[in-house]
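Let's have the full structure, built from the sequences with the hints guiding it.
In order, the protein sequence lines correspond to chains W and P.
Residue numbers -10 to 105, in the working numbering, belong to the letters of the first sequence in order.
Residue numbers 337 to 454, in the working numbering, belong to the letters of the second sequence in order.
Read the hints as simulated data drawn from the structure, not as lab findings.
All clues stand as given, with none of them false.
Simulated coverage check for chain P against chain W, where a stretch passes if three residues somewhere in it have a Cβ under 8 Å from a Cβ of chain W:
{"#": "1", "segment": "379 to 387"}
{"#": "2", "segment": "443 to 452"}
EDC-like mimics (lysine to aspartate or glutamate), calculated; alpha carbons at most 16 Å apart, straight line:
{"#": "3", "chain 1": "W", "residue 1": "-8", "chain 2": "P", "residue 2": "380"}
{"#": "4", "chain 1": "W", "residue 1": "27", "chain 2": "W", "residue 2": "11"}
{"#": "5", "chain 1": "P", "residue 1": "414", "chain 2": "P", "residue 2": "398"}
{"#": "6", "chain 1": "W", "residue 1": "59", "chain 2": "W", "residue 2": "44"}
{"#": "7", "chain 1": "W", "residue 1": "27", "chain 2": "P", "residue 2": "442"}
So these bits of chain P aren't anywhere near chain W, every CB distance computed over 12 Å:
{"#": "8", "residue": "358"}
{"#": "9", "residue": "360"}
{"#": "10", "residue": "398"}
{"#": "11", "residue": "407"}
Just so it is clear, CB atoms sit at the ideal spot from N, CA and C, and this is done for glycine as well.
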Amino acid sequence: AQKVTQAQTEISVVEKEDVTLDCVYETRDTTYYLFWYKQPPSGELVFLIRRNSFDEQNEISGRYSWNFQKSTSSFNFTITASQVVDSAVYFCALSENPGTASKLTFGTGTRLQVTL
Amino acid sequence: DAGVIQSPRHEVTEMGQEVTLRCKPISGHNSLFWYRQTMMRGLELLIYFNNNVPIDDSGMPEDRFSAKMPNASFSTLKIQPSEPRDSAVYFCASSPRRTGHSMNTEAFFGQGTRLTVV
Chain W
-10 AQKVTQAQTE ISVVEKEDVT LDCVYETRDT TYYLFWYKQP PSGELVFLIR
40 RNSFDEQNEI SGRYSWNFQK STSSFNFTIT ASQVVDSAVY FCALSENPGT
90 ASKLTFGTGT RLQVTL
Chain P
337 DAGVIQSPRH EVTEMGQEVT LRCKPISGHN SLFWYRQTMM RGLELLIYFN
387 NNVPIDDSGM PEDRFSAKMP NASFSTLKIQ PSEPRDSAVY FCASSPRRTG
437 HSMNTEAFFG QGTRLTVV
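As structure tokens, this is what we get:
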């Protein structure tokens, strides 16, 4: 069975600090997809990134970067120079069965609080 | 382009009443998902449809829950009778048809329906 673990329940940082959100996953499949979603206080779920299991290249998008390491089954998310607007709950998710739809297994989320 | 549209945004109902949640997926998307979010269980998949056909309903908690997708642009999640433990935020999501070598795509979520059963 697939599983996603986000061990950090809550993180508080001061604005401009860098912060890394950890994600560890378990799956028996060799082909799978990993995702990060953001849930701001308004409640909606916002897609951030998708990464397939064959692509271990790290990705950077502005202040966001992702480090995918199959050897440790981790897909960590770093926010550089955090801002108050980054305050949200962040979810890591896993999808197997690439031949079907994007059925997601979510982690329990990490609540990030960025203060001035 | 409009995103996934859910209605109502908030619903408060009395125990025992029937509740119907509605979802309009993004036009052209062929997969639709219903998720539930609670403090205790986090985000969990209830059911998903592919081309309007239910594929996996193993996450549906009880027979009191039912979901339908009569056409590509509309789905409902019904709870009858509702109970206080059904109180949660219910999300609908859709994802597009896979193309080429893209075997899987991200799901786009609606804003959710916050259900409170008293």
